[in-house]
Amino acid sequence: MSNLTDLGVAAIRDGVRGGEFSARDVADAFIDAVAAAKPLNAFLVETPDHALAAAKVADDARAAGETLKPLAGVPIGMKDLFCTRGVETTAASGILKGFVPQYESTVSGNLWNAGAGMLGKLNLDQFAMGSSNETSAFGNVISPWRRPGDTAPLAPGGSSGGSSAAIAARLCPAATGTDTGGSIRQPAAFVGITGIKPTYGRCSRYGVVAFASSLDQAGPMAHDVRDCAIMLEAMAGFDPKDATSLDLPVPAWEAGLNADLRGKRVGIPKEYRVDGMPAEIEALWQQGIDWLKDAGAEIVEVSLPHTKYALPAYYIIAPAEASSNLARYDGVRYGQRVLPDGAGLQDMYAATRAAGFGDEVKRRIMIGTYVLSAGFYDAYYTQAQKVRTLIARDFEQAFEQCDVLLTPTAPSAAFVLGEKSADPIAMYLNDVFTVPSSLAGLPAMSVPGGVDKDGLPLGLQVIGKPLDEQGVLNAGLALEQRAGFVARAEKWW
Amino acid sequence: MSVEPATVKRVAGLARIAITDAEAEKLAPELGNILGFIEQLGEVDTSGVEPMTAVIPNHLRLRDDVVTDGDVRDKVLANAPQGEHGFFTVPKVIE
Amino acid sequence: MTESTYRIRGATGDWEVVIGLEVHAQVTSNAKLFSGAATAFGAEPNTQVSLVDAAMPGMLPTPNRECIRQAVRTGMAIDAVINKWSRFDRKNYFYADLPQGYQISQLYHPLVGEGVVEIVLDEKDPNSVPKAIGVERIHVEQDAGKLMHDQHPTRSYVDLNRSGVALMEIVSRPDMRSPAEAGAYLSKLRTILRYVGSCDGNMDQGSMRADVNVSVRRPGEEFGTRTETKNVNSVRFVMAAIEYEANRQVAVIEDGGRIVQETRLFDPDKGVTRSMRSKEDAHDYRYFPDPDLLPLELDDAFLEECRASLPELPDAKRKRYEGELGLSAYNAAVLTAEVETARWFEALLAECGSDVPAKSAANWLISDLYGALNRLGKTIGDSPVSPAQGAELLKLVADGTLSGTLSKQVFEIMLETGQGANAIVEERGLKQTSDTGAIEAVIAEVMEKNADKVADYRGGKDKLFGFFVGQTMKAMGGKANPGVVNDLLKKALG
Numbered sequence: 001m002s003n004l005t006d007l008g009v010a011a012i013r014d015g016v017r018g019g020e021f022s023a024r025d026v027a028d029a030f031i032d033a034v035a036a037a038k039p040l041n042a043f044l045v046e047t048p049d050h051a052l053a054a055a056k057v058a059d060d061a062r063a064a065g066e067t068l069k070p071l072a073g074v075p076i077g078m079k080d081l082f083c084t085r086g087v088e089t090t091a092a093s094g095i096l097k098g099f100v101p102q103y104e105s106t107v108s109g110n111l112w113n114a115g116a117g118m119l120g121k122l123n124l125d126q127f128a129m130g131s132s133n134e135t136s137a138f139g140n141v142i143s144p145w146r147r148p149g150d151t152a153p154l155a156p157g158g159s160s161g162g163s164s165a166a167i168a169a170r171l172c173p174a175a176t177g178t179d180t181g182g183s184i185r186q187p188a189a190f191v192g193i194t195g196i197k198p199t200y201g202r203c204s205r206y207g208v209v210a211f212a213s214s215l216d217q218a219g220p221m222a223h224d225v226r227d228c229a230i231m232l233e234a235m236a237g238f239d240p241k242d243a244t245s246l247d248l249p250v251p252a253w254e255a256g257l258n259a260d261l262r263g264k265r266v267g268i269p270k271e272y273r274v275d276g277m278p279a280e281i282e283a284l285w286q287q288g289i290d291w292l293k294d295a296g297a298e299i300v301e302v303s304l305p306h307t308k309y310a311l312p313a314y315y316i317i318a319p320a321e322a323s324s325n326l327a328r329y330d331g332v333r334y335g336q337r338v339l340p341d342g343a344g345l346q347d348m349y350a351a352t353r354a355a356g357f358g359d360e361v362k363r364r365i366m367i368g369t370y371v372l373s374a375g376f377y378d379a380y381y382t383q384a385q386k387v388r389t390l391i392a393r394d395f396e397q398a399f400e401q402c403d404v405l406l407t408p409t410a411p412s413a414a415f416v417l418g419e420k421s422a423d424p425i426a427m428y429l430n431d432v433f434t435v436p437s438s439l440a441g442l443p444a445m446s447v448p449g450g451v452d453k454d455g456l457p458l459g460l461q462v463i464g465k466p467l468d469e470q471g472v473l474n475a476g477l478a479l480e481q482r483a484g485f486v487a488r489a490e491k492w493w
Numbered sequence: 001m002s003v004e005p006a007t008v009k010r011v012a013g014l015a016r017i018a019i020t021d022a023e024a025e026k027l028a029p030e031l032g033n034i035l036g037f038i039e040q041l042g043e044v045d046t047s048g049v050e051p052m053t054a055v056i057p058n059h060l061r062l063r064d065d066v067v068t069d070g071d072v073r074d075k076v077l078a079n080a081p082q083g084e085h086g087f088f089t090v091p092k093v094i095e
Numbered sequence: 001m002t003e004s005t006y007r008i009r010g011a012t013g014d015w016e017v018v019i020g021l022e023v024h025a026q027v028t029s030n031a032k033l034f035s036g037a038a039t040a041f042g043a044e045p046n047t048q049v050s051l052v053d054a055a056m057p058g059m060l061p062t063p064n065r066e067c068i069r070q071a072v073r074t075g076m077a078i079d080a081v082i083n084k085w086s087r088f089d090r091k092n093y094f095y096a097d098l099p100q101g102y103q104i105s106q107l108y109h110p111l112v113g114e115g116v117v118e119i120v121l122d123e124k125d126p127n128s129v130p131k132a133i134g135v136e137r138i139h140v141e142q143d144a145g146k147l148m149h150d151q152h153p154t155r156s157y158v159d160l161n162r163s164g165v166a167l168m169e170i171v172s173r174p175d176m177r178s179p180a181e182a183g184a185y186l187s188k189l190r191t192i193l194r195y196v197g198s199c200d201g202n203m204d205q206g207s208m209r210a211d212v213n214v215s216v217r218r219p220g221e222e223f224g225t226r227t228e229t230k231n232v233n234s235v236r237f238v239m240a241a242i243e244y245e246a247n248r249q250v251a252v253i254e255d256g257g258r259i260v261q262e263t264r265l266f267d268p269d270k271g272v273t274r275s276m277r278s279k280e281d282a283h284d285y286r287y288f289p290d291p292d293l294l295p296l297e298l299d300d301a302f303l304e305e306c307r308a309s310l311p312e313l314p315d316a317k318r319k320r321y322e323g324e325l326g327l328s329a330y331n332a333a334v335l336t337a338e339v340e341t342a343r344w345f346e347a348l349l350a351e352c353g354s355d356v357p358a359k360s361a362a363n364w365l366i367s368d369l370y371g372a373l374n375r376l377g378k379t380i381g382d383s384p385v386s387p388a389q390g391a392e393l394l395k396l397v398a399d400g401t402l403s404g405t406l407s408k409q410v411f412e413i414m415l416e417t418g419q420g421a422n423a424i425v426e427e428r429g430l431k432q433t434s435d436t437g438a439i440e441a442v443i444a445e446v447m448e449k450n451a452d453k454v455a456d457y458r459g460g461k462d463k464l465f466g467f468f469v470g471q472t473m474k475a476m477g478g479k480a481n482p483g484v485v486n487d488l489l490k491k492a493l494g
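Chains as they are written, first to last, in this note's numbering: chain A, 1 to 493; chain B, 1 to 95; chain C, 1 to 494.
Simulated from the structure, these hints should not be mistaken for lab results.
Be aware that one or more of the hints could be misleading.
Claimed, not checked - Computed list of lysine to aspartate or glutamate pairs in DMTMM-like fashion (alpha-carbon distance at most 20 Å, straight line):
| hint | chain 1 | residue 1 | chain 2 | residue 2 |
| --- | --- | --- | --- | --- |
| 1 | A | Lys38 | A | Asp6 |
| 2 | B | Lys26 | A | Asp423 |
| 3 | B | Lys75 | A | Glu88 |
| 4 | B | Lys92 | C | Asp284 |
| 5 | B | Lys92 | A | Asp28 |
| 6 | C | Lys146 | B | Glu84 |
| 7 | B | Lys26 | A | Asp359 |
| 8 | C | Lys146 | B | Asp74 |
| 9 | A | Lys97 | A | Glu360 |
| 10 | C | Lys91 | A | Asp378 |
| 11 | C | Lys474 | C | Asp487 |
| 12 | C | Lys91 | C | Glu44 |
| 13 | A | Lys308 | B | Asp45 |
| 14 | C | Lys188 | C | Asp355 |
| 15 | C | Lys378 | C | Asp204 |
| 16 | A | Lys465 | A | Asp247 |
| 17 | C | Lys146 | C | Glu44 |
| 18 | A | Lys420 | B | Glu30 |
| 19 | A | Lys308 | B | Asp21 |
| 20 | C | Lys131 | C | Asp315 |
| 21 | B | Lys9 | A | Asp359 |
| 22 | C | Lys146 | C | Asp211 |
| 23 | C | Lys474 | C | Glu445 |
| 24 | B | Lys92 | A | Asp341 |
| 25 | A | Lys420 | A | Asp341 |
| 26 | A | Lys241 | B | Asp64 |
| 27 | C | Lys146 | B | Asp71 |
| 28 | B | Lys9 | A | Asp290 |
| 29 | C | Lys319 | C | Glu340 |
| 30 | B | Lys75 | C | Glu297 |
| 31 | A | Lys264 | A | Asp290 |
| 32 | C | Lys317 | C | Glu445 |
| 33 | B | Lys9 | C | Asp284 |
| 34 | B | Lys9 | A | Asp14 |
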């Protein structure tokens, strides 16, 4: 029997069902791996009891001859943006230190109902604001990957950097992520795993600490496309507690997996060939095109003319929504309170928020406050929402000519921590390929395509029509089968 | 785009984030750069374009008027930094 | 109502007052606007609070259909435009009674547009001309929680029971020109809301409160700078606040000062307004559409149900009472001013059937029943006499069983004992009699005892006729039919 922590979701599920190993064995293996991986700083809270309890339920059910639930025996990691009842949830911010939710997010609840157990809460960029996991109040997550002969810590991507690092380091077979502008796809690409952001409204936002409500969408991260499909089936579903939730049945994505793309057309958006794109990225993209051709797809060039305006629109809309969503962190009802001597209520707010929020969070709150303030609202916010309409229209028109789009996930491989943190805009440019589909609410996934000259993973992104997660997964599967990505980070921790 | 430290302080005040003069000085060019970056949106001709309201076509569902929640004071107050007699408490407010 | 002649007499001449009201009315609903917590008044602190109302991380709003429906019905009741497409916006500011750090409200696309409320300054004066007060909009929004400042020396207490309760904000045009007009508008609005059932109108419980915008100007000139006096919670206080504020503004201007656009508070004990400095820096509310909610789109079936469920409204009812029922303008106004009175009156009419004229029923309700309720310190809602019991009494008057005097006696006994009129009449033999034989016998007796007065009468002292009526009725214990007594006396006296 191979090392249990090398197994993915499907393999664990099937192995437990078939009695090859017990859920308890699986849980123990991952719990030990988590405990031994402190240098990665991927977990903020470890919850072995939760994982063991779920494993016991799975083993007992099997012993009793019951039908096992879809994720029975599968322990997962939970991004610490999801509120989990009785388990500290901080969104990696000092302002929520000590906060123990009395409620469960719908997505995490769905996973527990499907039989999954929780290994712990995963580190992330503070309030999911960041692309390198350097904004967490509880320290950077370190990627398990390193450049050859170099111990410089690399970024696991962000904001779901704890999730990406933990999966790549085999600390969990799958994890939840959230994606506002690329926070599932970019970290997945950085560590050589797979992640999908479904159509906006597929996964409930209830109980997910909000960053930018009109963009936030939960999704799974795992080793491969099938595992993502299994996870997403459990996570997704209509939730009356979220007004933006889509009242649609959850398709059987795993059963629908099919890498035969004959009769499908794949669009290549010409505007994604940005200036200064590294040759390796360009080469990988071409490779991806060839793979999809090989899978039977017809390749068409399409145009998304407003692509260059996606990032500036995003950096108005997301901070604007964030500035308002984060107003509730005021030290009154939960979280940290800082009360200087003799301070009044408003001074208490200012001191609490100054101490509790990190620099990037403050920066975005300030930008958001500025663009919404009197006299600027129309020029910034209304204009950004109009541009967003144009960006969505671009996609609509492109999808008249094709079924899915293929692009690189990120403009570079993982960078050294600290390399970009001094220049916010350089950091924001990481999301140049992922932000447009977020603005349009489209399903999009990243699959590992290859490695760069340093042997670091590079990802390819598939973007689909609204609600066509199946088309995205299938194209992803065709890439995965042809890429044969087997590179993995060598254990140094 | 240039942003004055005074503007930074005004915005920080609106956002209820205490900042020192030194921090405002440091933040001013950073915010200026970001605002300069996002200002390129002004180039886009959006005449006749409606601002986006719902990213995926969907309609607002309305709930029935039934009491289904509340009566969970312990949960509501469980994380309060300060409270007594079933209330949250804050520094005395003079209105 | 002709153009208001209300003026502030300043040292430098006359000033006209311009008034607009923003009325916050709590929507009658079981649950809150965006959460399933209850709305009942007077619960233990923080017991009617959901995790949504407490703005816990990741909590999301889901709108209550009934709150939307009631606001739409209210709009229809004032002939307003109903916007089939509206949106919720966030109004951002920090305060301890506002857990989210924003209030979900509607700025850019309100649910209800232009409407109108007709007011009459003096209901008793049939010559008083109605004036139309424009309503600019009605939008739906969340109420805030409550702060208590006097429980602790250094702390304020926060109770979120009200947090998230649905309010309608009804914004008038600056169409009012005197405290009396503002008072009449607020009263009329309250009447309409109570008819519609969209708000209970309990001003002392905070179910209705007004932000009062006041400015002064020379008659006919441009509007002056206005101040906003917040949260005034009675018709009387609204009028007093306007009176004070208008005079204050005139004094400031005549002293060479300028009016600052600001938020003020009304102190009902002193009858003055004062500046509310704590809210001064909060004016940049950074409104934007709430991204947690989609646009609110109403279909025709929804609107149709709203319209079909509207009751007859006070103006229509008053006209019908005057026209169909032939009531006086005053009586019609009194009976329609409160929805409970109108309901009681209509229940009474229904019980009376065609046996009792509507006028008699109206008169009895307004004089006899109201008189009794006033004496007992009760409202029509807790009247000890039901409409059915009232009708029983009125029928006995209409069929001649009871005289006016007797009916008042019977009514008093009804109030004391709770018995029905028929039972009282039977038990106590209070039926009036038209038995001519019995009455003639008594008349003969009275004439015999008062032979001198009979002589005087016959000698030409006509006025003594009343004396004989009184004596006869007295001797009959008030139970004689007065008409029969009159006829028989005239015959007997010759």
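To see whether the hints hold, each was checked on the structure:
| no. | hint | in the structure |
| --- | --- | --- |
| 1 | A:Lys38 x A:Asp6 | 19 Å, holds |
| 2 | B:Lys26 x A:Asp423 | 13 Å, holds |
| 3 | B:Lys75 x A:Glu88 | 14 Å, holds |
| 4 | B:Lys92 x C:Asp284 | 24 Å, violated |
| 5 | B:Lys92 x A:Asp28 | 52 Å, violated |
| 6 | C:Lys146 x B:Glu84 | 15 Å, holds |
| 7 | B:Lys26 x A:Asp359 | 12 Å, holds |
| 8 | C:Lys146 x B:Asp74 | 19 Å, holds |
| 9 | A:Lys97 x A:Glu360 | 17 Å, holds |
| 10 | C:Lys91 x A:Asp378 | 16 Å, holds |
| 11 | C:Lys474 x C:Asp487 | 17 Å, holds |
| 12 | C:Lys91 x C:Glu44 | 28 Å, violated |
| 13 | A:Lys308 x B:Asp45 | 14 Å, holds |
| 14 | C:Lys188 x C:Asp355 | 33 Å, violated |
| 15 | C:Lys378 x C:Asp204 | 17 Å, holds |
| 16 | A:Lys465 x A:Asp247 | 17 Å, holds |
| 17 | C:Lys146 x C:Glu44 | 12 Å, holds |
| 18 | A:Lys420 x B:Glu30 | 14 Å, holds |
| 19 | A:Lys308 x B:Asp21 | 35 Å, violated |
| 20 | C:Lys131 x C:Asp315 | 13 Å, holds |
| 21 | B:Lys9 x A:Asp359 | 15 Å, holds |
| 22 | C:Lys146 x C:Asp211 | 17 Å, holds |
| 23 | C:Lys474 x C:Glu445 | 12 Å, holds |
| 24 | B:Lys92 x A:Asp341 | 13 Å, holds |
| 25 | A:Lys420 x A:Asp341 | 38 Å, violated |
| 26 | A:Lys241 x B:Asp64 | 13 Å, holds |
| 27 | C:Lys146 x B:Asp71 | 17 Å, holds |
| 28 | B:Lys9 x A:Asp290 | 54 Å, violated |
| 29 | C:Lys319 x C:Glu340 | 18 Å, holds |
| 30 | B:Lys75 x C:Glu297 | 34 Å, violated |
| 31 | A:Lys264 x A:Asp290 | 14 Å, holds |
| 32 | C:Lys317 x C:Glu445 | 53 Å, violated |
| 33 | B:Lys9 x C:Asp284 | 15 Å, holds |
| 34 | B:Lys9 x A:Asp14 | 58 Å, violated |
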